[in-house]
Amino acid sequence: MELLGYTVPKGAFVMMPTWAVHRSQEVWGTDANEFKPQRWLGKPEEGASPAREQAFMPFSHGPRNCVGQTLAILELRAVLATLLGRIRFQLSEEMGSFQETAEAARQFITLQPTIPRTVPPRVGLLLQCTPRSA
Numbered sequence: 001m002e003l004l005g006y007t008v009p010k011g012a013f014v015m016m017p018t019w020a021v022h023r024s025q026e027v028w029g030t031d032a033n034e035f036k037p038q039r040w041l042g043k044p045e046e047g048a049s050p051a052r053e054q055a056f057m058p059f060s061h062g063p064r065n066c067v068g069q070t071l072a073i074l075e076l077r078a079v080l081a082t083l084l085g086r087i088r089f090q091l092s093e094e095m096g097s098f099q100e101t102a103e104a105a106r107q108f109i110t111l112q113p114t115i116p117r118t119v120p121p122r123v124g125l126l127l128q129c130t131p132r133s134a
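Each residue of the sequence shown is one higher than the one before, starting from 1 at the first, in this note's numbering.
Note that these hints are calculated values from the structure, not bench results.
Don't take each hint at face value.
To be verified - Label-pair distances were calculated between CB atoms; the ranges are:
1. Q25 with L84: 32 to 40 Å
2. A81 with F56: 23 to 31 Å
3. S133 with A81: 17 to 25 Å
4. D31 with T70: 46 to 54 Å
5. F89 with F56: 25 to 33 Å
6. Q128 with G11: 20 to 28 Å
7. L4 with R132: 38 to 46 Å
8. F35 with P9: 18 to 26 Å
9. R86 with R23: 21 to 29 Å
10. G85 with V8: 21 to 29 Å
11. L83 with K10: 50 to 58 Å
12. C66 with I87: 44 to 52 Å
13. S60 with K10: 37 to 45 Å
14. F56 with T130: 28 to 36 Å
Being a predicted model, the structure only gives us computed values, none of them experimental.
Backbone N, C-alpha and C fix where the C-beta goes; we use that ideal spot for every residue, glycine too.
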């Protein structure tokens, strides 16, 4: 069998390195190694492949995907529920008017700390996180 110009003998084990696909600039664009949660919103950014949705496979694909996928998603939901139950999230006053906040919400969902800082964040919603009363 021919695969990308190579002859693969019958019975050979062929593996795709997920790590390399998740960091491919051909798939994700020039900022492939940057942490950018907003990349999952809206249209693919300039230079990103339209196939990016199929390229993201943290649990693999198919009938032999990760056996721990269901548990991992359940744990994520439990952590989120715990955070929402114990912490109050409010928009920081630094976000400005309702219209400014609504515009930011349409574009980005990045959570930013509201601790004193000298450099303002580039993108995202500023949230004030306070413990809920018991």
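Results for each hint:
no. : hint                      : verdict
1   : Q25 with L84: 32 to 40 Å  : holds, 36 Å
2   : A81 with F56: 23 to 31 Å  : holds, 24 Å
3   : S133 with A81: 17 to 25 Å : holds, 18 Å
4   : D31 with T70: 46 to 54 Å  : violated, 31 Å
5   : F89 with F56: 25 to 33 Å  : holds, 26 Å
6   : Q128 with G11: 20 to 28 Å : violated, 60 Å
7   : L4 with R132: 38 to 46 Å  : violated, 55 Å
8   : F35 with P9: 18 to 26 Å   : violated, 40 Å
9   : R86 with R23: 21 to 29 Å  : violated, 34 Å
10  : G85 with V8: 21 to 29 Å   : violated, 52 Å
11  : L83 with K10: 50 to 58 Å  : holds, 51 Å
12  : C66 with I87: 44 to 52 Å  : violated, 29 Å
13  : S60 with K10: 37 to 45 Å  : violated, 24 Å
14  : F56 with T130: 28 to 36 Å : holds, 33 Å
Checked against the numbered hints above, the structure violates hints 4, 6, 7, 8, 9, 10, 12 and 13; every other hint is satisfied.
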